[in-house]
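Enquirer: Spelled out, the chains give:
There are 2 protein chains.
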Amino acid sequence: MSTKELTPSATVSVFTPEQLLTHWQGHRRLTRRMIEAFPEDKLFTYSIGGMRPFAVLVYEFLGMGVPSLKGTATGQWQKWAEAEQVNTKAELLALWDDATTQINELWPTVPAHRWQEEDVAFGQWPGTGISLMCYVIDNEIHHRGQAYVYLRSLGIEPPAFWDRQ
Amino acid sequence: MSTKELTPSATVSVFTPEQLLTHWQGHRRLTRRMIEAFPEDKLFTYSIGGMRPFAVLVYEFLGMGVPSLKGTATGQWQKWAEAEQVNTKAELLALWDDATTQINELWPTVPAHRWQEEDVAFGQWPGTGISLMCYVIDNEIHHRGQAYVYLRSLGIEPPAFWDRQ
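So the protein lines, in turn, are chains A and B. FYI, numbering that gives the first Met the number 0 numbers position 83 of the first sequence as 82, with every residue one higher than the one before it. FYI, numbering that gives the first Met the number 0 numbers position 30 of the second sequence as 29, with every residue one higher than the one before it.
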């Protein structure tokens, strides 16, 4: 690790890298519970107002998560693509759990200076590492909020938003 | 400002306080555009699955935002309460804009050490300043995502999620 990577920011930290990982994985646990809460068929088909079914939104989360983290860690960007598509809730949960493991393994490999370094994610979207990671997390919260309406309109009580354990 | 407040975190910052404020106000601009996008009556009445109308969710955002920031800045917590209720979109936007100004004024008064200091928000919710502020922002993203479904089901194109200008 270079000296640059060990130098604390000149300004005070509000979030350490470890805290951000914990925060994201907490949100990811809630998203996993949302996948579990959907009836098998509704997960892949149910829509309101022409919006995408929840499984399709989850493909987007998967397509963004690990690839964004790999690019932030290495500066090498693969071509942007959504995750592989599956046919059952069990397969979707398996993709989710695999991503969980990969995120935990990749996170400590991000050089500290990369969080504030400008790059062009996937050759398309300019920004710092932290701005990209916030976009990934915010996008998951945003579309998962949409899925709360899907569940409520199906008469199903969604998992509590505040519970991230 | 005490020496403690000027000491950078021992770990590397992924987010400076100024960046977090910019991030939040970007989300708040998007929430403002969502308020504007609703038809006047639907803003206060429209619901899917028994969920709260968007104006009621906005009251929650307003009730959490400035009061959470005041408590983080001062360590003094007022009693938890939602924002005052209004009858028109124009009045709701005025409350929103007033909060925007207050947030910009209060933010620089938060002593740096408070972001990582444990406290009990509103005498009820334990956590650090940063964990509280993340909850406030995430809650806004979550419920605003719900309102995207309301608008789509009304046949109205919502503002772009990625645009925070």
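Don't read these hints as lab results, they were simulated from the structure. Note that the coordinates shown come from a computational prediction; the quantities given were computed from them, not determined experimentally. Keep in mind that the hints are not guaranteed to be accurate.
[Claimed, not checked] Derived lysine to any residue pairs resembling SDA-like cross-links, with alpha carbons at most 25 Å apart: (1) B:Lys41 x A:Lys88; (2) A:Lys78 x B:Asp162; (3) B:Lys88 x A:Arg31; (4) B:Lys41 x B:His141; (5) B:Lys69 x A:Ser46; (6) B:Lys88 x A:Trp23; (7) A:Lys41 x B:Ile47; (8) A:Lys69 x B:Lys41; (9) A:Lys88 x A:Gln18.
Enquirer: Does each hint hold? Answer for all of them.
Expert: Each hint, compared with the structure:
The hinted pair formed by lysine 41 of chain B and lysine 88 of chain A fails the criterion: a straight-line CA distance of about 35 Å is larger than 25 Å. Between lysine 78 of chain A and aspartate 162 of chain B, the direct Cα distance comes to roughly 23 Å. Compliance with the 25 Å bound is thereby established for this hinted pair. Between lysine 88 of chain B and arginine 31 of chain A the CA atoms are separated by roughly 36 Å; this puts the pair beyond 25 Å, and the hint is violated. For the hint linking lysine 41 of chain B to histidine 141 of chain B, the alpha-carbon distance of about 19 Å falls within 25 Å, and the restraint holds.
At roughly 40 Å between alpha-carbon atoms, lysine 69 of chain B and serine 46 of chain A are farther apart than 25 Å, so this suggested pair is violated. A C-alpha spacing of about 34 Å is found between lysine 88 of chain B and tryptophan 23 of chain A, which places the hinted pair above 25 Å, so the restraint is violated. Between lysine 41 of chain A and isoleucine 47 of chain B, the direct Cα distance comes to roughly 17 Å. Compliance with the 25 Å bound is thereby established for this hinted pair. Distance restraint check for lysine 69 of chain A and lysine 41 of chain B: the Cα-Cα separation of roughly 43 Å exceeds the 25 Å cut-off, and the hinted pair is therefore not satisfied.
Simply put, lysine 88 of chain A and glutamine 18 of chain A have alpha-carbon atoms about 30 Å apart, too far for the 25 Å limit, and the pair is violated.
Checked against the numbered hints given earlier, the structure breaks hints 1, 3, 5, 6, 8, 9 and satisfies all the rest.
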